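Protein chains: 10
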Amino acid sequence: MPTDPSKTLETFDNPRPERDYEIRFEAPEFTCLCPRTGQPDFATIRIVYVPDRACVELKSLKLYLWAFRNEGAFHEAVVNRILDDLVTALAPRRMTVEGDFFVRGGIHTIVRATHP
Amino acid sequence: MPTDPSKTLETFDNPRPERDYEIRFEAPEFTCLCPRTGQPDFATIRIVYVPDRACVELKSLKLYLWAFRNEGAFHEAVVNRILDDLVTALAPRRMTVEGDFFVRGGIHTIVRATHP
Amino acid sequence: MPTDPSKTLETFDNPRPERDYEIRFEAPEFTCLCPRTGQPDFATIRIVYVPDRACVELKSLKLYLWAFRNEGAFHEAVVNRILDDLVTALAPRRMTVEGDFFVRGGIHTIVRATHP
Amino acid sequence: MPTDPSKTLETFDNPRPERDYEIRFEAPEFTCLCPRTGQPDFATIRIVYVPDRACVELKSLKLYLWAFRNEGAFHEAVVNRILDDLVTALAPRRMTVEGDFFVRGGIHTIVRATHP
Amino acid sequence: MPTDPSKTLETFDNPRPERDYEIRFEAPEFTCLCPRTGQPDFATIRIVYVPDRACVELKSLKLYLWAFRNEGAFHEAVVNRILDDLVTALAPRRMTVEGDFFVRGGIHTIVRATHP
Amino acid sequence: MPTDPSKTLETFDNPRPERDYEIRFEAPEFTCLCPRTGQPDFATIRIVYVPDRACVELKSLKLYLWAFRNEGAFHEAVVNRILDDLVTALAPRRMTVEGDFFVRGGIHTIVRATHP
Amino acid sequence: MPTDPSKTLETFDNPRPERDYEIRFEAPEFTCLCPRTGQPDFATIRIVYVPDRACVELKSLKLYLWAFRNEGAFHEAVVNRILDDLVTALAPRRMTVEGDFFVRGGIHTIVRATHP
Amino acid sequence: MPTDPSKTLETFDNPRPERDYEIRFEAPEFTCLCPRTGQPDFATIRIVYVPDRACVELKSLKLYLWAFRNEGAFHEAVVNRILDDLVTALAPRRMTVEGDFFVRGGIHTIVRATHP
Amino acid sequence: MPTDPSKTLETFDNPRPERDYEIRFEAPEFTCLCPRTGQPDFATIRIVYVPDRACVELKSLKLYLWAFRNEGAFHEAVVNRILDDLVTALAPRRMTVEGDFFVRGGIHTIVRATHP
Amino acid sequence: MPTDPSKTLETFDNPRPERDYEIRFEAPEFTCLCPRTGQPDFATIRIVYVPDRACVELKSLKLYLWAFRNEGAFHEAVVNRILDDLVTALAPRRMTVEGDFFVRGGIHTIVRATHP
Chain A
1 MPTDPSKTLE
11 TFDNPRPERD
21 YEIRFEAPEF
31 TCLCPRTGQP
41 DFATIRIVYV
51 PDRACVELKS
61 LKLYLWAFRN
71 EGAFHEAVVN
81 RILDDLVTAL
91 APRRMTVEGD
101 FFVRGGIHTI
111 VRATHP
Chain B
1 MPTDPSKTLE
11 TFDNPRPERD
21 YEIRFEAPEF
31 TCLCPRTGQP
41 DFATIRIVYV
51 PDRACVELKS
61 LKLYLWAFRN
71 EGAFHEAVVN
81 RILDDLVTAL
91 APRRMTVEGD
101 FFVRGGIHTI
111 VRATHP
Chain C
1 MPTDPSKTLE
11 TFDNPRPERD
21 YEIRFEAPEF
31 TCLCPRTGQP
41 DFATIRIVYV
51 PDRACVELKS
61 LKLYLWAFRN
71 EGAFHEAVVN
81 RILDDLVTAL
91 APRRMTVEGD
101 FFVRGGIHTI
111 VRATHP
Chain D
1 MPTDPSKTLE
11 TFDNPRPERD
21 YEIRFEAPEF
31 TCLCPRTGQP
41 DFATIRIVYV
51 PDRACVELKS
61 LKLYLWAFRN
71 EGAFHEAVVN
81 RILDDLVTAL
91 APRRMTVEGD
101 FFVRGGIHTI
111 VRATHP
Chain E
1 MPTDPSKTLE
11 TFDNPRPERD
21 YEIRFEAPEF
31 TCLCPRTGQP
41 DFATIRIVYV
51 PDRACVELKS
61 LKLYLWAFRN
71 EGAFHEAVVN
81 RILDDLVTAL
91 APRRMTVEGD
101 FFVRGGIHTI
111 VRATHP
Chain F
1 MPTDPSKTLE
11 TFDNPRPERD
21 YEIRFEAPEF
31 TCLCPRTGQP
41 DFATIRIVYV
51 PDRACVELKS
61 LKLYLWAFRN
71 EGAFHEAVVN
81 RILDDLVTAL
91 APRRMTVEGD
101 FFVRGGIHTI
111 VRATHP
Chain G
1 MPTDPSKTLE
11 TFDNPRPERD
21 YEIRFEAPEF
31 TCLCPRTGQP
41 DFATIRIVYV
51 PDRACVELKS
61 LKLYLWAFRN
71 EGAFHEAVVN
81 RILDDLVTAL
91 APRRMTVEGD
101 FFVRGGIHTI
111 VRATHP
Chain H
1 MPTDPSKTLE
11 TFDNPRPERD
21 YEIRFEAPEF
31 TCLCPRTGQP
41 DFATIRIVYV
51 PDRACVELKS
61 LKLYLWAFRN
71 EGAFHEAVVN
81 RILDDLVTAL
91 APRRMTVEGD
101 FFVRGGIHTI
111 VRATHP
Chain I
1 MPTDPSKTLE
11 TFDNPRPERD
21 YEIRFEAPEF
31 TCLCPRTGQP
41 DFATIRIVYV
51 PDRACVELKS
61 LKLYLWAFRN
71 EGAFHEAVVN
81 RILDDLVTAL
91 APRRMTVEGD
101 FFVRGGIHTI
111 VRATHP
Chain J
1 MPTDPSKTLE
11 TFDNPRPERD
21 YEIRFEAPEF
31 TCLCPRTGQP
41 DFATIRIVYV
51 PDRACVELKS
61 LKLYLWAFRN
71 EGAFHEAVVN
81 RILDDLVTAL
91 APRRMTVEGD
101 FFVRGGIHTI
111 VRATHP
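Chains as they are written, first to last, in the working numbering: chain A, 1 to 116; chain B, 1 to 116; chain C, 1 to 116; chain D, 1 to 116; chain E, 1 to 116; chain F, 1 to 116; chain G, 1 to 116; chain H, 1 to 116; chain I, 1 to 116; chain J, 1 to 116.
Simulated from the structure, these hints should not be mistaken for laboratory data. None of these values were measured; they are calculated from a predicted model. A few of these clues could be false.
[As the list claims (entries may be wrong)] Derived EDC-like pairs (lysine to aspartate or glutamate); straight-line CA-CA distance at most 20 Å:
#1 K62/J to D100/G
#2 K59/A to E18/H
#3 K62/F to E76/I
#4 K62/H to D100/E
#5 K7/C to E76/C
#6 K7/C to D52/C
#7 K59/J to E76/G
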């Protein structure tokens, strides 16, 4: 994991900052490790935000999400972590992050957190 | 059935208690017995909650739901029972439990209860 | 048709009257007769209610709906009739009944009524 | 039930008897009674045939299927009965009848029979 | 086109005028002509209304919609026209009409108008 | 209806006659009239063929299908008619025409004919 | 588990033994136990057969499948066991049994066996 | 790109300006170029608006969207640009434009902007 | 368009030439121009082949398909052209190319060609 | 990657070797690395086989597939590799392996190989 994700996540100037508008990403290629068992977990990450001054650059977002590949992370913690990192990097007007995890023990889990 | 489900249900500390965020579970492998006929009933149980201090540990939730396998339980009662047990164990900021039962007598039944 | 449906519809005590919760039924096996032509009509009946003191017993609900099989009933009237009968029998906190009728004359009709 | 369905089922001359072509019907508004319990059963009836000299007239087919409304009929028997009646009335080059019945006892049943 | 659609559209007395309830129609068999090119247009017409004193009779609604078959009508105008005609005939408590038109020039168009 | 559809249907030279390949069309905007009642019928027409020397030009196919708009045509006859007209115009190596008609009397009808 | 399932499974005389026809059942309410861990497994069981002299009675089939509820059974073995039991009880002309099991360890398993 | 899109976009008089009603377009045939790499991007453009005095003419809208084919445009900028151009041309009471872009780098992006 | 596509299309050695196996591609981002009107056409291109000595390199396939962006091409011709180019470059054991084109004139067209 | 996968893959005795029957697995949680760029690839792996003497144990299959997580592997090679390893370990009567890979460069790829 990058020690300072606000450096990993590149941004560009919002082309229309005077308007509130919404950007959604759906990234179905997310994987991390279970901190208890070391076994892989898989999820789709969904992000919705209203940019203020900065928009996140798509390729750096992809690299940021790939960085979790060898990290141990609980479902609840990883979603809050992604939200915190993106809020730090972008200071958006509002943002929601959702992690939709594959079935474990016959149970399908979705965690969703919103800022502010 | 565990006589005291708040002991069966294990919890861990909410990693981000200062934020209201939502956790959803969908458990399609739920079965109990009809208290009138003794015949098996099947359902999908859906749980949505905003944790306060505690999150429910996924494996203990699985074991808790399996414990209904040999219990007699009416549709309306079982959904309220699961909600009461989880509220006792977790004291969440808010929680909804939904039981989506297979067709009986040509009728498909869904029961949904919310706390508080 | 039962002359007094509040007798046909059996109820049991709401197991959790201190909580507002929702019960949904979907009954796709509903048929009645067109009062004008005598020809069969088919519908799915959907019922959503918040019980007060009484819940409707599932088997008696099935028998109640079957009782329309040889009754003449216009779409608009039959949905209001089912709502009135269930309100009489259950005195729910609130209830919605929806009839979703098969295509007639190339037109698909849905009627939905709510109490109160 | 009509005692002689080959009279109920009206036909018209195949407009193109020199060509083998296929006619399919899907009739989702079929209901009969369970011969054991007297309770209603519901099904979708699907018919596929290659006409020889005669095609079945659509309105008479509708009336023929409605005639089962008050008849007791097992799943396996009713599908074979419809096939036999249509074969008697039409003498098709080939015909398949399928009955797709609603769930009973948690089990969904489809019966399919072909002539010749 | 009928010159006075409030005569074409037949009504019957609302069987339950003391209750606000909703009637929905979906009519996928609508066609008119493009006023510019004379070419056929196709649409699904959806109508939702809360009746006051009068309900529209289903067969007369079918005939009313068929009357557009040889009429030239722009997408925006035809939806407003149907809404105006039905409001004139029924004086409903509220009504929405939606026309969902087939793709033209690679673009799919939906027009939706509400009264009042 | 064009009295000689082989003139209405324009063709162009098959660009690859030395290879057997397949062309499929799906035309959901087909309407004709019921010869018995004069009421409109609607269908999706599907055509699959392997061209020999000639391919059908798309715009002329559209105009050909529109020409049925004011014609009376039974389901079984119209599908065989379209197949015959296209075979006359194109002399394809093989061709199938399918008409998938909207529900009438609660029954959905599909007619499919193949040449040769 | 019944020690002799051919007694548990009731049959009735095939109403049309002179014709080969097909009966399909889909039973989504199947559960057994993992013989290694004792944990519940869930599956949909699908059965297709051509009866010879005997058809299986639907209610006895339901009871037969319920009897696995407290049995330990590997996926591969349980499907072959159900096929063997039904073949013993019915001596069908041909039969296929398929078990479609819920995800375990991120893997979804389907086992399908055919007689003869 | 047209240097002044308010000339490219043709309008016609709103046939019912005294009523607020909604017009939706879905245009799945949109392509532009990535300004960084010059590689093609593809999207579905969705537009919803309530017209004031003017409605956009469908064919001119198609031509306007085609004009982006050889333009470099970032996802966030192109959606705001289309909204700005349409607002300039139509002065609608309100309007939303959504661009739903194909997957790039394993991430699916949707941008949605609303006026006012 | 590349004047010699067998140079544009890069290949790599089949890693398992001793086995017949199948490779499928689905490329929904295909656009070319109508040779008659100059207007854009859009399609999904599907390719299935069994490699002999060579496999097509994915990135060069993407560039090859992009090269049609400014080419005029009839539906029937473009599919045969892609098949011919890929057969020239790869000499596969067998190959099918399918072009699934967006609706034009209310008609959806699919062309499919196979080698050998 | 295990250097000798036939040791990693555990097997158990086929419980019904005298019958040809089919076992299917769908494993949507597969990831490896692109050998050219080092970037992650994601796929669903589907396996269908008819066991001879041995069946593959589900947990060892899961571990075997996880072992690709840090391996570089081309699409075509990885599917053939999995097939070879499973054939070595199980000596099945027949087996098919399919890898269904996420979109890269706007193209979705499926590779399918069969033994023998």
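These are the hints, each one checked on the structure:
1. K62/J to D100/G: holds (18 Å)
2. K59/A to E18/H: violated (48 Å)
3. K62/F to E76/I: holds (17 Å)
4. K62/H to D100/E: holds (18 Å)
5. K7/C to E76/C: violated (24 Å)
6. K7/C to D52/C: Within the cut-off at roughly 18 Å; holds.
7. K59/J to E76/G: holds (14 Å)
Hints 2 and 5, counting from the list given before, are not met by this structure.
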